[in-house]
Amino acid sequence: MGEGEHRPVRATDAEVLAGGGDVGRDLAAVRWDETPLGPPADWPQSLRTAVSILLSSRFPMWMAWGPDLTFFCNDAYRRDTLGEKYPWALGRPASVVWAEIWGDIGPRIETVLSSGIATWDEALLLFVERSGYREESYHTFSYSPLRDDEGALVGMLCVVSEETERVIGERRMATLRDLGSDPSAIRTEHEMLAFASAQLGRNRRDLPFTLTYMFDGSDGTDVRLAASTGIADEQPPAAAWPVAALARGESPVVALDGDLPAGDWTEPPTQALLVPLLQQGGTPYGFMVAGLNRYRVLDEGYRGFVELAAGHVAAGIASARNYEAQQRRAEELTELDRAKTAFFSNISHEFRTPLTLIMGPVEELLARNPDEVVRAELDVIHRNGLRLGKLVNTLLDFSRIEAGRMQAHYEPVDLPAATSELASVFRSAVERAGLAFEVDCPPLDRPVHLDRGMWEKVILNLLSNALKFTFTGSVRIAVHPAGDRAVVTVADTGIGVPADEMPRLFERFHRIENARSRSNEGSGIGLALVKELVELHGGTIDATSTVGVGTTFTIRLPFGSEPLAAVNPSSAVSKTADPYVQEALRWLPSSSSSAEEEEPAVPAAQSPARVLVADDNADMRDYLTRLLRSAGHAVQAVADGQEALDEARGQLPDLIVSDVMMPRMDGLELLAALRSDPRTAGTPVLLLSARAGQEASIEGLEAGADDYLVKPFSSAELLARVRANVELARLRNHHARWRTALIDSLQEAFFVCDEDGAVIEINSTFTDILGYGPDGLPYAPVHPWWPDQAADPEGYQLVVDAFALLVDQARGTYTIPVAHRDGHRLWVAAAFNRVEDPDTGRRVIVGTFRDVTAEHYAVQRDNALAALSVHLSQADSLAGALSGVMSSLKELWQATEVYTAVFNGSGPPTLTTTDPSSSWADLAEQRRAAIAQLRDEPLLTPVAERSGGAGIALEHPDGTMVLRVELAENRPFTEQDQTLLALLAGHLGQGLHRIHQIDQQRETALALQRAILGPAQLPAGFAVRYAPATRPLKVGGDWYDTVPLDDGRIGIVVGDCVGHGLQAATVMGQLRSACRALLLQNTDPAQTLAALDRFAAQLPGATCATVFCGVLDPAGGELAYSSAGHPPAVVIHPDGTSDLLDQGRSRPLGVPLSAERPEALYTVPARATLLLYTDGLVERRRRPLTDGIDRVTAAVQEGRATAIEDLAAGLMVRMAPTGGYDDDVALLLYRHPGPLELDFPAEPGRLSPVRSALRGWLARCGIDSTTAQNVLVAAGEACANAIEHGHRHIAGEQIRLRAAATADELRLTITDRGRWKTPQPAANPHRGRGLKLMRALMTEVTVTTGTAGTVVALQARIPR
Amino acid sequence: MSTALTFTTGRHPDGAVILAAIGEIDMSNADAFATALTDARSQAAETPIIVDLTAVEYLDSAGLAALFPHIEQVKLVASPLLAPVLTVAGLADLTTIHNT
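Each protein sequence line maps, in turn, to chains B and S.
Letter by letter, the first sequence follows residues 1 to 1360 in full-length UniProt numbering.
Letter by letter, the second sequence follows residues 1 to 100 in full-length UniProt numbering.
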């Protein structure tokens, strides 16, 4: 195609740029002849096309063309990106326009122009200067090549979307999210601050540096730097900050200068935002200084981000401080425990003093060579003094070990020498027992570090143990080396230990029941002590055993490093050994022979009797024998119950005096056996027991004993009892004194149950923990400490399950809730073991438990806090968070109901309950009063009620909130519960405040959504539609409004803010309200818009909004209007012709104006349709706006005969692009005049004023007089019929007349509540004529009579 | 309260009795119109009277009902406003339409 011949007709410059809106006009103003492109009329077609595409696009674009890369852009680009550079930038070289980022974009453009390949950059950081400062901004853009008519690359087109908000928003959100993550592992304030600093330090774009200060001291005047990010040494002094203002909770901005850290930027911040770390109900914890990114303004979002970050830190501090307080409390408890141990140790010491004062004098007496009788008595005293001393020492050792205060004096010791020396002490006792004693201790080449005192106890305990359980064979002790350890073995050929008992061999107080032994005496702590002592030496001990074959204990001790020569010669065995040997000797039969062989040396008793004495303690046996013989009784002494039973069966005694605790068969079993055998059933039994107290006596008596004596007893008393009862009294006992003492010394509660689960024995710790003493024994199940089944079914079930375990299993552990006698609730962890008595076959259960309440509640608290945090973090609304938290509280306390009431002002509070059907009014008066009373309590102070409920007041964003937990009847709310409630309430309060901020955004959105729906009641004649582009929020930047003014006129507004979604809606809501208020004040569109300009200038995001503002007189249709850059309103006349209301136009809001805003006047013709809209209705990509206006005009033309509401609906459907509107749409229709609506009483006298009103309306509709008269008569007939037929019996009924016009038709309805009669011309000829008249005068008449009344619909075509 | 309606009675130059109504005639004052017609007829003996409705802005079936009993002895004069109603009522032949 030859150039020139077919060149299109030359267009003028203005035509080339037409259709470009404001930008087009501004482009036209550029002095193109001064640019390389020349005047637009001379531009090649390719450039024109490119410019046209650019200008018509709603998507932000700019392009560069020609040798200078001359700059063009469209309205969207101007709005989103160009800022203040408009319109200066138009027509300038792109390198000038974007000089500050040319380094970034220049090479890209170069690439496009040289290669013809488009570029694509996503969220590229560019520093632009469009708002008077270097601004951090992000752009996703593509540069595509532009070719001229010959196909040469001459320019580029950039399609860009600015993503600054998104990128920065995501960055801030990430920081806030990180701050909120994983607070669970953080315990201390220090850790919390370190964690927060790590998170804050990762965002050095928004927070180039931060400094976190804490207020210290009681009055909070000391300021201490606690943490910082992005800043090392050059910290400004705390004095630089306005501390007083921060302490008051203000958030000042402080200007910075000097060489401060710049974070991720090249230049340091110029200002800092200081935010207090708010503490609920107190002065702030401190404050945070946030150095601000100098490339962003401190807008609401930025400020909000810093405040939220500080809020996270403050919440963290609150929780850390809380934790630390708990921690302190735990330490105090530990301290208390230490004090208790110290006390126990002191008491043991106190025992030793009187013991010393007993033993000293006794030894003194023995040294004076007393006669045989006195010596025997003194020996008894001495031996038992030793025994008591040994027990006290052992207990003392334990308390020392427990307290970690065992004073050990380690020295290198020649182990074989020391050991064999100790063994030699035992030799006589072992040999007297008829056992072989082997000592095999060859010398070792290295010493072992020992505390001699402890080592003695180890060896003596093991030897004494071996002797006790070995009846034939040997006891062997040996030492030999094994690698770096010395091994000591103590082996016996005794009864052995059953395999199932082996694991517990070294357990404290564990005794192998029913084992055959030389004595039943013993505390069960010997081996436990041995183990503790060996371990203190860094050694180990273990045992192997075979039942019936023997037991071997093996001790391994580390060698010392020095040569043996350095070892001190061993010192003599200390006096520690005496009690062990003395005790062992007493187990052996030969030692008691002297007493038995003695002849009675005292006068015979008045009633001598044959007395059988059964006691395993040889001393006691001897003593009783001597005593009774001295009273003239014949005495037979045996060592246990079984022997006593055999003896009694062989030769019935007059009286049996029996100890209760004996090996093989104890006193009670003996009693039971005696009573069950008819031959022995009548034999009186006097039980001797160590157990004191009147109750114990009664127990013994109940068991069937005839009398009962408690050790110690006086000889006179025993003799008196024996004398008074040869067949006498009854007593019995379960326990030896020492066993009780030992059990009572346990830190754990101890109990024994019979096979039915009844508790038959307890210790003092049991009483301390549960409040139930031995006086109440036996405690039959259900035990009184079980939780109440009704009030606490869950706790009850736990105990039931545990009890089943206890009764059915051989051993086990469980943790259960129990109730103290005084009602308070605690948790105990118990371990039990089933034991069988070999003689009776009776099963008993022995258990211990300890109070784990504190631990239980600590776990519960942690779990509850975690659950609460989860609810708070997952909730997306305040109400949702609250109900989630409440249901978890309900679960936590097994509450019947949980209430929260928020007191907001004077009205009734807002009630939320876990039972959704409850309301404030439904609550019992008593409950309401309780809740109201809680409100007046100090915040976060739990109040528990006797009636089984508890509550607390805390701060809710809307006011004081009362949280009340309703427990099942009588369920106690313990102190721990209260602490937990306070803790949870504190967290809840903080959490709610956090969510409230999120919630407020949603509230705003909803409020806007309601606002956008426009006035609740539209004036007559109007129809409106609104469709937001952003679906989920249902809000957008477009709006319509109608404002009834005082003078009867109506303000009508349609506007369009820049952007979509919530942000645009926020601006829209404010503009809309402002416009409404201004209209009410001004009633003048131009003035209103001018005032709105000033408002928009103050409101970020409001500039460039377009608004069409009019004031309509509904009587005459006079419309004054002014447009701020808004598309023109359209008026469609009844005949289908149309007017564009394109006068009174000026720039969009907030854009500087040189002149006043213009105003235009227009009169809406009768039955014309006025259409106001936003560009979303008409604008389509790649099509001029005028196309859209033409299309909507045509649509209204077609629908001008349709009722206005139907027309509005039809327009929205018809104008919608395929796939729906992609921009917000607001639409407002008005047809002039609005419909006439009259309600009047059914009285003939009303007809004339009704006609008058109708006549006036018809005139406003521009109806010709003939048609008007026809309508008047037809309507008059319908009204007359309504009066005459419908209401002749009912005076004062209302008739409604409604009239509306479309372009070519009038529609009237006359409605009454009566029933019309079928016309009866004969009876009433003129009524029939009435209907006939109507039909003759109107195009269409329909009469619908129903039960509710009659409707007459009239239609009249309006002649052209 | 009834609709405003006044009557004047006069004589046509040819001697006929003229009843002129001014206002509106509807069911509220149709009785007054009927009375006025009867009075006018009584003054006119057997000669037709002229009912001048030129100044009547509204006339409906109630007014027509008052006219029908006198239909043989009445001539009507009306403005074009009432013409459609009178035509529909079959009174066009008795009516002279005056463009006032």
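Everything labelled a hint here was simulated from the structure, so no lab data went into it.
Some hints here could point you the wrong way.
Here are some, though not all, of the chain S residues that point toward chain B, as calculated from beta-carbon distances under 7 Å [stated by the list, open to error]:
| hint | residue |
| --- | --- |
| 1 | 8 |
| 2 | 10 |
| 3 | 26 |
| 4 | 61 |
Chain S is nowhere near these chain B residues, computed Cβ spacing over 12 Å in every case [to be verified]:
| hint | residue |
| --- | --- |
| 5 | 101 |
| 6 | 412 |
| 7 | 519 |
| 8 | 879 |
| 9 | 1251 |
| 10 | 1284 |
Since the model is a prediction, treat every value here as computed from it, not as a measurement.
Virtual Cβ for every residue (Gly too), placed ideally from N, Cα, C.
Hints versus structure:
1. 8: Because about 20 Å separates residue 8 of chain S from the closest Cβ in chain B, which is outside the 7 Å limit, the hint is violated.
2. 10: Violated, about 26 Å.
3. 26: 5 Å, holds
4. 61: The hint holds - residue 61 of chain S has a Cβ within 7 Å of chain B, the shortest such distance being about 4 Å.
5. 101: 79 Å, holds
6. 412: For residue 412 of chain B, whose nearest Cβ neighbour in chain S is about 135 Å away, the distance exceeds 12 Å, so it holds.
7. 519: At about 129 Å from chain S, residue 519 of chain B clears the 12 Å cut-off, so the statement holds.
8. 879: The claim holds: residue 879 of chain B sits with its nearest Cβ about 59 Å from chain S, beyond 12 Å.
9. 1251: Non-interface label on residue 1251 of chain B violated, nearest chain S Cβ at 6 Å vs cutoff 12 Å.
10. 1284: The assertion about residue 1284 of chain B is violated, with a minimum of 7 Å to chain S.
Consistency with the previously given hints fails for numbers 1, 2, 9, 10, ordered from lowest to highest.
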